[in-house]
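What follows is the residue order along each chain.
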Amino acid sequence: MADSSPESIVDQKEPELTSALEDYLETIYELVRDRKLARIKDIAKARGVKAGSVSPAMRRLSELGLINYVQREYIDLTPDGERHARRVLAKHQMLTRFFVEILGMPSDLAERDACSMEHSLSPVGMDHLVRFFEFLKCCPGGDKFLERYHRCSLTATEAAHCDMGCPALADQLAPEEEAMSLMNMKPGESARVTQINGAGAIRQRLLDMGLLPDVLIEVQRVAPAGDPIWIKLQGFQLSLRKSEAAAVLVEASK
Amino acid sequence: MSERFRIALAGNPNSGKTTTFNALTGARQHVGNYAGVTVEKREGVYEREGREYDVVDLPGTYSLTSYSPEERIAQNELLNGKFDVVVVVVDSTALKRSLVFMAQLMQLNIKIVLSLNMSDEAEKIGQRINLQLFRDLLGFPVVETASHKRVGVDDLKAAIDQAVAAPVLNSRLVLGERMDAALDGIGESLAKTALPPVHRRWIATKLLLQDPTFVEKLASEGTEGRAAIESADRWRSKLEAEYGTDVALFTMERYYGFVDGLLREVTIRHAREDARALSDKVDSILVNRLMGVPFFLGVMYIVFWLTFSVGEIPMGWIEGGFGLLGDWLNTLWPAGSDSALRSLLVDGVIGGVGGVVVFVPNIVLLFLCLSLLEDTGYMARGAFLVDRLMHRFGLHGRSFIPMMTGFGCSIPGIMATRTLENDRDRLTTMLVLPLMSCGARLPIWMLLIPAFFAAKWRAPVLWLIYMTGIILALVLARFLRSSILKGDQTPFVMELPPYRLPTARAVVTKMAERSWIYLRKAGTVILAISIIMWVLTSYPKPQEATVDKAIAGGTVQLVKIDVPSDATDALKEKKFAAAMELARKSASSSVELISVVEAEKRRSAEALHYSFAGRLGRAIEPAIRPLGFDWKIGTALLGSFAAKEVFVSQMGIIYSLGEADEDSQDLRTLLGKTYSPLVGFSLMLFLLIATPCMATVAITRRESGSWKWAMLQMGGLTFVAYLISLAFFQIGQLVT
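In order, the protein sequence lines correspond to chains A and B.
Those letters in the first sequence? Residues 278 to 531, per this note's numbering, in order.
Those letters in the second sequence? Residues 211 to 946, per this note's numbering, in order.
The set of hints was computed from the structure by calculation and includes no laboratory data.
Straight-line Cα separation of at most 20 Å, SDA-like style, residue types lysine to any residue; simulated pairs:
1) A:K509 to B:Y466
2) A:K509 to A:A523
3) B:K696 to A:A476
The model shown is predicted, which means the values in this text are computed figures rather than measured ones.
Using the sequences and the accompanying hints, generate a full structural model.
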């Protein structure tokens, strides 16, 4: 049925059709395949549009020489039309398979995404996608890799059985340990900065003041309402608001 | 031949940069504002061996990004200011952080001199630096200074000359191979644009960091410009992928790496570990959870007391002095003279100028206190303690002291907003500050409250007025911060320097500077407006006063008494009573008998009625009637725009009570009879909220750098005052 070999999909000499027209072509192809002929109202029903919207599209497709359209009669595909439709369908199916078999998406969503992506994906993009798909299916390590991926993403608890030393695993095993920030520290506590989050002027100010990863800080005191915080670092002292301190991630110093 | 060189001073805030500037230029300096922003512009000159050096003190910044007006201005000046040398002033006790700033400057392809300021402190805590090695490694002069003690200033001047004479060097800045590769790569793309080569390295860095100012600039440089941006984007992705961190952090780490390496080489001895032990101990007492806020409030109270109570005394002298001056001027004209010049000089000029100068003791004392607080470092502690509360309302910890000051007088309060590092915080504080019921309004409260409210209500009403001001200030601040002054949250991250003992010279210099600014700027505007107010209230004059017509026509008779000028009031009363009796006997019953003083009062009242001010008052009456006001209040309000106390005296004149002040029983009673308490409170609300005085507007203009904000303050506050008085009065009428 559908020819899914890479070469037939990548063909740069096709006329440029809009996605809507391609969708129509696809629908016509499927209807013809299933019932031999397609009527305007069948097409309209399959696509979920009014019969009146279908006609102009049919005229256009007819102009392009892709269908035989005689008003009020059945529609069928010309040989060119059939070729084009097969290509579009192949793209669609390839994408769907990729989403389902490789990425592990549920099929209805995969179908929907494939439907929209098939038009925007460039021939080169499609080519790469297919190659990757083939690689995963063929390469000896590839299918093991795919298997592990599916196990990891589809069943989180299965990851515990994974012997690859996955860093995500650490999170899975100890979900209570949130990244601690300066905001959570109490007077007298010391810690080492691990990361500076935030953005813009505040982040730049934190960096300017010497708050970088690996710097040792000690909380001296907090203001009466718990905000701002007074810290000591590298020989000088700073105060910052709790909201700013939240951007300074720390780990208890060893 | 007189050569002229341009020198820039750059550095972190609190590094002693401005003190260095003062040490270099002395009195030959000029302080203004960069157009449209609250950022101060300082320029000065010094001379050495026949050459002249123009010095520009750039705004203190921690970094040269484009996040704040200070940074943008500093950066812009450094790029386009055509400086011969940039002196980087750093706090020697915080070298690591300060030198990062210097590292950034080293990318600017400009001659540098490093001034290790506060070197006396660094020495005290045990730090020793190998200056010669430092110079060799950096390739430019390095000097140790202690500018607040005027130490090292000559060395600095010599170093500047050295730098001027040296050829432009290849920067010794080392940022690591990957960084250099990236900057070279981007630099190549930049070479294809029309931009001059001198700042290429800097622009490359900025593009790598996605600085919007530079991205925009390059985007307008055609395809080459866009290619450079794309090159930067590619390098950024590469670096971020390689290092796993974003490019801003990566870059900072490169700078710190360079500085670390440098310091490792040149530090002979590190500062003692316990260098701050004493300062920390003091902090643990003054800033602890229990004592911190009460102590701070106590300090504020002392500042207040010092400024306004102690300041009373010299204020009295100045008032007296101006009074004498006025009296003396009066004697230059024959008694009873109608000379316009005399009136202009005595009422307009002396009144106006006197009104300005009288505040000088307050300003001087206040800034003495503020300088002390700032220089010792306690100001930062205060801001730390109250920031949470202030921030809730869109203000800043450092807004607290200026606002507290506003309870005494808005003018020094607004000037004190200087301590706020950020433009938006500063403006917000400035705009709402006048709502802190100032000292000049006190006479008004003293007049109006007893006039309308029974004894037991007086204290609560006064408290209510103050509270309304505070609450409204907070609400408006919040509003401003979420509308016109909205913006990226500005960082609070604030350094807490160790406690220091300020030098008398530094404190006095600051104090003198602020006072001089006040006199010059506020003074000139106030003088101008005083004269305008004088014109409005004096002209046009009625041809002939009604009372004089009546005297001429015989319906009114003047009863004169003959007393020596130093006679007591009691004596005058007695004599007048006797004279009245005598006159009564001989005059017909239809004739009204009045004293000379009474005639004068009537003349004044009529003159005011007839003048522009009076007419304006009548003209605006329809607009203010919904607030419960009449034209008399209107006229007095217009007069009060000059200075709030004027309201009271104007009301006195309008009601023909002549010279009235807040103790005037007559005026109080009269007001109480003429208006309802509802009107009274509505009036008080209006006086509370509307702009206190033109001096405030003048000083806001000066501190904010443009008329826009001053006008917004005046217009905005007046508008809000109108709305609130209106709402209060109308609702009040419905309810009662």
